[in-house]
Amino acid sequence: MNEFDTQFSFVDIIVYVFYILVYTYTIAVMGSYLFLGILSSIFARKYLRKNTFTDYLKILQSPEAPSVSILAPAYNEEHSIIENARSLLSVRYPNYEVIIINDGSRDRTLVKLIEEYEMEKVNFAIHTQLKTSKVKAVYKSKNPAHQNLIVVDKENGGKSDALNVGINVSSKDYTLNIDVDCIMEEDCLLKLMKPFLEETDVEVIATGGVVRIANNCKVERGRITEVNVPNTLIARFQTLEYLRAFLLGRVAWGSMDGLLLISGAIGVFQKKLVIDAGGYDVHTIGEDMELVVRIRRYARTHHLKYKVAFVPDPLCWTEVPESWGNLRKQRNRWARGTIETLLNHKVLFLNPFFGKIGLIAYPYWVFFEWLAPIIEFIGIILLIVFSLIGVINAPFLYLMIFIIYGFTVSFTVGTIYIEEVTYFQYKKRRQLLSLMVAGILEPILYHPYTVFCAIGGNWDYFFEGKKSWGGMKRVGFNRPGSKQARDEKRAMKSV
Amino acid sequence: MKRFFTQAYYYFLAQEPRYQVAIIMVILLLLLSVVLIFIVLRERTRKAFYESRSKRLRNRIEPIVQEIVFGNLVNGRLNNAIRKLNRSISSGNKSINHEILNDLMVYYHRNIGGESAQKLESIYRHVNLKDERLELVKKGDWAVRSKAITDLGTMNMREALFEVLQYADDRNEYVRNEAQYAAVKLGGIKALSFLDHIKEPISEWQQIRLLDECLKFEYHLLQRIEDWMRSDNDSVVFFALKVVRNANQYQGSQTITKLFTHKNQRIQVKALQTSVDLGLKEHLAEMLGRYQKANTDIRVVIIRAIGELGDASYLPFLQEIVEKSKEYKEVMEAAEALKRLGHKSLLADMRETLRDNNRKIVEHALDERI
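So the sequence lines, in the order shown, correspond to chains E and V. The first sequence lines up with residues 1 to 495 when you count with the working numbering. The second sequence lines up with residues 1 to 370 when you count with the working numbering.
Heads up, some of the hints might be wrong.
What the hints assert, rightly or not - Heads up, simulated DSBU-like pairs for lysine-lysine below, C-alpha to C-alpha not over 30 angstroms straight-line: (1) V:Lys293 to E:Lys172; (2) V:Lys339 to V:Lys360; (3) E:Lys131 to V:Lys326; (4) E:Lys428 to V:Lys47; (5) V:Lys344 to V:Lys293; (6) V:Lys55 to V:Lys84; (7) V:Lys360 to E:Lys172; (8) E:Lys136 to V:Lys55; (9) E:Lys136 to E:Lys112; (10) E:Lys121 to V:Lys344; (11) V:Lys281 to E:Lys50; (12) E:Lys218 to V:Lys55; (13) V:Lys2 to V:Lys47; (14) V:Lys324 to E:Lys272; (15) E:Lys428 to V:Lys55; (16) V:Lys55 to E:Lys46; (17) V:Lys55 to V:Lys139; (18) V:Lys47 to E:Lys46; (19) V:Lys360 to E:Lys46; (20) V:Lys293 to V:Lys281; (21) E:Lys136 to V:Lys94; (22) V:Lys119 to V:Lys94; (23) E:Lys121 to V:Lys360; (24) E:Lys136 to E:Lys172; (25) V:Lys339 to E:Lys272.
Stated by the list, open to error - Derived CB-CB ranges, DEER-like: (26) V:Asn248 to E:Asp201: 25 to 35 angstroms; (27) V:Asn128 to E:Lys172: 49 to 59 angstroms; (28) E:Glu116 to V:Asn72: 51 to 61 angstroms; (29) V:Glu62 to E:Glu120: 54 to 64 angstroms; (30) E:Asp55 to V:Glu62: 19 to 29 angstroms.
Hints in this document: simulated from the structure, not taken from any laboratory. The beta-carbon is built from N, C-alpha and C at its ideal position, and this holds for glycine as well.
Construct the entire structure; sequences and hints are all you get.
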């Protein structure tokens, strides 16, 4: 062996670095998932044991129950609005109002509501605490049975704008912000409000709940009466994805008070804090995540002892896309929303002032939610290139792929197990087996597609300039010189 | 087959260490997947087995319990029935059987009252379930202890009150909450004595539960309410105010005024609201004295108080707010107050002279449909 043979070539070094990066990242991802999985199973078990003592009837009968406004933005929902409104009006809670915000629908959404619920225009003076598009009129029902229903008609401005109008109109202390087409569990508000009443050491500023998939479920009078596994494979894959995201991910982050996202489908917020923090950002795509991150920043900046809680019970059911095209659009949007929120709040990144959020949750989102598909994509490209030039160690690589596949399948089956021993929604053995089969196929058939969609989202955001629904240039919450930015600077200095 | 495994083993040994680790991981993960699938299916079978077993036992003991509770059994037949019940739960896994019987009796007790409930309580003692629960209260983790305390409370085991009260300030919040609740169930309002010295805060949720239970008892027993309003524990003060408000307790009215200046602003607001709800007119002057320096939340309650308890002498004050205040809530509350005091026409007349925002608020207040 001569001296030349022991030298590493440039390509060798590149391949070596590639290996190190891939293995480190893979281990970090698997390790974090494992950690979250363990944490969420502990928390879910504790939650269920704790809840055996809960009698929700007490709050239902109590004159001391906190007041809540249900805010439901509606845009071109003429086919389902009546049924949805009925479902909202039959929520079990003692002290609440329903505010449906017609966001400039072009169909008969408003007319249908007016006819069905005998609504009439009233002289409603709106307390404009958040700037919004113009409100055309506010309606109340002539029928005393629907006394707690308010319909607001406004110019089109998007979901965030509609929610901001709802907050301005609301007369209650908390707001339940929902997607009007979601099917809520009857007792969802009771469950979502409980964390606000339970905490004594810290103030709960928001709560979120588990969203489940309604495709192929039996719905009667606006309620889920029979839970089924979706018929199509694509929806089954998403069922598993939601199970993992909510049962493992969010439950675990909730237990660590590290939640950065409360699903836009269902979430309760302390109204005063949302107003103080500036309400929903109307220029963003991912308004749900943006609001949570912003109110957390606000609370931390103002030295509030606060918490964002999560209720692991299934509270809300939603339909997921059953076509690959619609799925791509949705995931593209989610990816852009995530990037936008993360970039707008980049001050959080590894910032000790923000505690767990700055040091753990935000970096996790950057590395394992935003960058994960990019890293995966680059990894695959490099793999192909290295294979073509013949520098890859093929057998070892195959083994690594098997390890990742094995981990993914084990993780999915683990999630199904947690669902089985906790909430037990899929009662038939056949449903269970079909989910397991989907779990075996998912890493091969579904996951690469979601990576592709997320890459598309990144591309659209950075190269096509698709940064928001309306293509408006974002002014942003943290623009230099803004009040929030000044407050934060001051707060960080004082620490 | 043996040859295959031997060859595979030698192949494995011939590999570099990093390959060996990777191969082991692949095998372990595949095994883990299979084991997990097996566990999920087994869990379902176990659940089904446990459910059918519970159902069987339930079917066996339910008629006996019903016979004892609802049947008119005299001594001899009653003893026979209890012996039969004891025999039923002695066979098989004793602890599971006792748990099933316990849950069944707790369920029945929640849904019945009077003599039948007393009979149920008597069997509960006879089959030693009470003593078992008392044992569990002392040992086990928080969930077991909390459940045992809840069961004792639901089953009305009054003799366990002293035992239960010892946990009313327990460090574990679930044990503490269940103990406080069970104590009130067992001892009535007198059991609220734990409020005199409790150090841990009482959550809003727990306050709602305790309040619900308190309102079932004779209010005149609420003698220590003024002491609670002076407590260093803010949650006790808050709870006391809720009791005063919901049970219309006037004896603490003098103490309420002192809370108008409490260091906790939420207590200030609650005290003001309580005064309004109790109709304590004599507090109005004191409230008004605080108006100028108060923030909007407190001002709104004071204006509401004037609307509820005031008279014509307060009209200029309310008019000034409607005309000059820039706070939506203050203007709205003042307009509502004027309406409540019977001066709707005055409000209507004022409309034209007001600036745009305040005029809209007044129109809102005048609109009876809202």
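So, going through the hints one by one against the coordinates:
1. V:Lys293 to E:Lys172: Judged against 30 angstroms, a Cα distance of about 25 angstroms means the pair holds.
2. V:Lys339 to V:Lys360: holds (15 angstroms)
3. E:Lys131 to V:Lys326: With Cα atoms ~17 angstroms apart, E:Lys131 and V:Lys326 stay inside 30 angstroms; holds.
4. E:Lys428 to V:Lys47: holds (13 angstroms)
5. V:Lys344 to V:Lys293: holds (29 angstroms)
6. V:Lys55 to V:Lys84: holds (18 angstroms)
7. V:Lys360 to E:Lys172: holds (20 angstroms)
8. E:Lys136 to V:Lys55: violated (60 angstroms)
9. E:Lys136 to E:Lys112: holds (17 angstroms)
10. E:Lys121 to V:Lys344: holds (21 angstroms)
11. V:Lys281 to E:Lys50: Between V:Lys281 and E:Lys50 the Cα gap is close to 44 angstroms, so the pair fails against 30 angstroms, i.e. violated.
12. E:Lys218 to V:Lys55: holds (28 angstroms)
13. V:Lys2 to V:Lys47: Roughly 38 angstroms separates the two Cα atoms, so the pair is violated.
14. V:Lys324 to E:Lys272: Roughly 24 angstroms between the alpha carbons, so the hint for V:Lys324 and E:Lys272 holds.
15. E:Lys428 to V:Lys55: holds (20 angstroms)
16. V:Lys55 to E:Lys46: This hinted pair holds, its Cα atoms lying about 26 angstroms apart.
17. V:Lys55 to V:Lys139: holds (29 angstroms)
18. V:Lys47 to E:Lys46: holds (19 angstroms)
19. V:Lys360 to E:Lys46: violated (51 angstroms)
20. V:Lys293 to V:Lys281: It holds: about 21 angstroms lies between the C-alpha atoms, which stays within 30 angstroms.
21. E:Lys136 to V:Lys94: violated (69 angstroms)
22. V:Lys119 to V:Lys94: Holds, at about 23 angstroms.
23. E:Lys121 to V:Lys360: holds (14 angstroms)
24. E:Lys136 to E:Lys172: Roughly 22 angstroms between the alpha carbons, so the hint for E:Lys136 and E:Lys172 holds.
25. V:Lys339 to E:Lys272: OK: V:Lys339 and E:Lys272 at ~27 angstroms, within 30 angstroms.
26. V:Asn248 to E:Asp201: 25 to 35 angstroms: Roughly 32 angstroms apart at Cβ, these two residues keep to the hinted range, so it holds.
27. V:Asn128 to E:Lys172: 49 to 59 angstroms: holds (50 angstroms)
28. E:Glu116 to V:Asn72: 51 to 61 angstroms: Given range 51 to 61 angstroms: holds, Cβ gap about 56 angstroms.
29. V:Glu62 to E:Glu120: 54 to 64 angstroms: holds (55 angstroms)
30. E:Asp55 to V:Glu62: 19 to 29 angstroms: Given range 19 to 29 angstroms: holds, Cβ gap about 23 angstroms.
Consistency note: the structure conflicts with the earlier hints numbered 8, 11, 13, 19 and 21.
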